[in-house]
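Since chain A is already given, all that's left is putting chain B on it; use the hints.
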Amino acid sequence: MSTQNHIVRRYRPAAPLGGRRVAPASRQRSITALAFLAPALIILAAFVAWPALSALRLSFTDASGFGKEEFVGFGNYVEVFTQPDILNAVVNTVWYTVLFTPTAVLVALGLALLLNNPHLPFRSFFRTALFLPFIVSLAVGAFAWSYLIDPQIGLLNYWLNGLGVRIGNVLQDPVLAMPMVALVAVWKNFGFYFVIFLAGLQDIPASLYEAARVDGAGPWSRFRNVTVPLLSNTFAFVVIFAMIAALQAFDQIYVMTGGGPYGSTQTVVMEIYESGFRKLELGFASALSYVLLIATLLLSAAQFVFFGRREKDLS
Amino acid sequence: MFRTRFLLGAGAAAAALALAGCSVGGESDDASDGPTELTFWHGYTEADGDVLEQIVDEFNASQDEVVISTEIKTWAVIDDTLLPALSAGDGPDIVAMPAERLPVYAARGAFASLDDFYADPDSNTANLNPGAVEMETVEGSRYGVPTGFVPLAVYYNKALFEAAGISEPPATWDEWVTTAKSLTVDGNGDGTPEQYGVVLPDHATVANGLWPSLFYGNDGDIVEGGDTAVIDSPENAETLEFWRSAIVDDKISPTGVDGIGADEVFSSGKAAMTVGGPWMVFIAGDNGIDYGIAPIPAGPEAQAASAIGVSMAITAQDDVAKQEAAEQFFAYFLNDENSVAWSLGSGWPPLRTDIPADAVSENATVAALTEQAELGRPLLPGVVNSVDVLTAVDELTQKVIAGGDIEALLAEAQTAIQTALDD
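Protein chains in written order, with this note's numbering: chain A, 1 to 315; chain B, 1 to 423.
The following block holds chain A by itself, in its conformation from the complex (with noise of 0.2 Å):
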């Protein structure tokens, strides 16, 4: 019993704010918390933070990595917005959002609904098979699919050669390639995305269900007014970390297409690598990582409003 008095003696609730008293006690507990939080802190700090902020200082200079380099004030951000390169990777990244960010998220959600069925034979089987992909390297991914689809060699080709449809060159064709490279994100991440949709399926009582029901609502009606408005929360979530991936689009479109055919899968994280790694132009990828930087943050509040406010409405 004492163990038990030690504990509620211990973690008593916090006295309110403000309380003369108590204060000593609510700054150790802020230590504690704090010193809990210093691995995480300090691996953000060395990882996350300085690099950042060195990068933002290399976005003002000319820096290649190595050697001189010269303070160029906002000479980079400039050709960020001039360079006509730029203009087209924006418009691809913008054009790859499009594509995968609404199928991900819709495959998942579909697939969530379906396997959230508890009378579905080996629902756990497919939940299992479904997440797959996700935890395998979207570059590993993205060379098994390039094999799958070539003309020449490909396995689904030539099966469906076999079925009289005839795909072609897809990753060479400056239409298809985008489609193409953002189907291959989609399969790979559509697993991590569902699992969330289903956490948050399972997180809404089933006992609002029985109530529709009882109230005379079908299927449609309770997913209408029980699911939808349930699931808003993780579906908002969803569909920003969809989005937020959809525009850091690297390392499939460097395995699968590197940028071609003729730049027509060539998107902003394409342009970073290639002006840091090929050109050895660091400060102008610098300047560019931040202006995406900035564009992810503005897009995200963007959407956690609009979120914010349909929440409002629906409750």
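Bear in mind the hints are in silico, worked out from the structure with no lab data behind them. Quick reminder that beta carbons are idealized off the backbone N, C-alpha and C, glycines included. Do not take every clue at face value.
[Said to hold, decoys possible] Dumping the calculated DSSO-like pairs for lysine-lysine here, alpha-carbon to alpha-carbon at most 30 Å:
1. K251/B with K270/B
2. K158/B with K181/B
3. K73/B with K68/A
4. K251/B with K158/B
5. K73/B with K279/A
[Stated by the list, open to error] To be clear about the criterion: a stretch of chain A counts as covered by chain B if any three or more of its residues have a C-beta under 8 Å from a C-beta of chain B, and this derived list gives those stretches:
6. 24-36
7. 213-224
Frame of chain A; chain B shown alone:
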């Protein structure tokens, strides 16, 4: 919700910036007593790697002032690894890399100038293949020593040649197309051949050299003097017209293939000829293909082939002692005995023109490539922004093969290349 927002923000920041977060590092350590220790990064992983290790070991044993330790980084990543290492002030002392990547590093001050080394009669550099040395030269100074220089060549499948009753590889463009046509087989008549006469990629070609080689054949070029774009010429227009007609109309080659894809098509026996480098010997061997090697057929005006170059350079982080130690190794690497050993071991022709052909005759591949060595032309020597130039060439050839207007595309490429050169 705030917590999610914070995490998302942090995640986005981390991911976006991980790509750009590098900084400038400090100086290398001062030399202490004892032998000078050097690290040497290279990407030679096959039989060539063993020979290189052997040369380094022998060098280490031959004297007691310098000790070199090698580290293998594959060619595909050596570039990506070098930049962060140099940024951290922790780069190698000697680095080997594809020769067309040398100018961008040299122009930004990553490498030490080797002009004094070249001027030294004991450096064994006097008789280096001039084309190879041209690839080491940036703005008039030399920054590297070649470790490889070989013209692209035609590798052909002897079994497929015999089956079609062809005994000799083609010697001119016209023969090349005729031979390829008779080796192209569309058995089921569906318009897509099951076997192609040749595989000619339209982008990311082997060492980016296929189309330059074809341009040379009709007296065309891409860049002149390292600073002037000359791609928009009537000669190049003819070349593109000639090959588009052969590839697209006569279907002698699959379209939309890149260099790696070309290797696959050839090694799977689906094409009778390909244009490649000495490693095709290994690829063909692994796939049980009995191959022959022939020079790239002569064009209407010239017979020439773009060369694949590999260079090694000394990083500028090194102090004088280390630089001298590295130069001592370079001279050793290029001496008579090692020139022959390296050529035979790597399967590439000797780098020095004064090595007699019979010194390497025991290796048939090396002997065949040595005969062709004089056809080799350096690709874009001294061009710092070769990335954008090669992108423009790729875009041109892809669009031409896809049916675009040659005149307009050449004009477009000319502008893009000149912009890249002026940058």
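Verification of the supplied hints:
1. A hinted pair counts as satisfied when its Cα atoms are at most 30 Å apart, and K251/B with K270/B qualifies at roughly 13 Å.
2. Taken as a hint, the K158/B and K181/B pair is honoured in the structure, with Cα atoms around 16 Å apart against an allowance of 30 Å.
3. Restraint check for K73/B and K68/A: the C-alpha separation of about 26 Å stays at or below 30 Å, so the hint holds.
4. Pair hint K251/B plus K158/B holds up; C-alpha atoms about 21 Å apart against a cutoff of 30 Å.
5. Proposed proximity of K73/B and K279/A is supported: the alpha carbons are some 20 Å apart, at most 30 Å.
6. Chain B is given as covering the region 24-36 of chain A, and this is violated because 0 residues of the stretch bring a CB closer than 8 Å to a CB of that chain, at least three being needed.
7. For the region 213-224 of chain A, the stated coverage by chain B is violated: 0 residues have a C-beta nearer than 8 Å to a C-beta of that chain, whereas at least 3 were required.
Checked against the numbered hints given earlier, this structure breaks hints 6 and 7; the rest are met.
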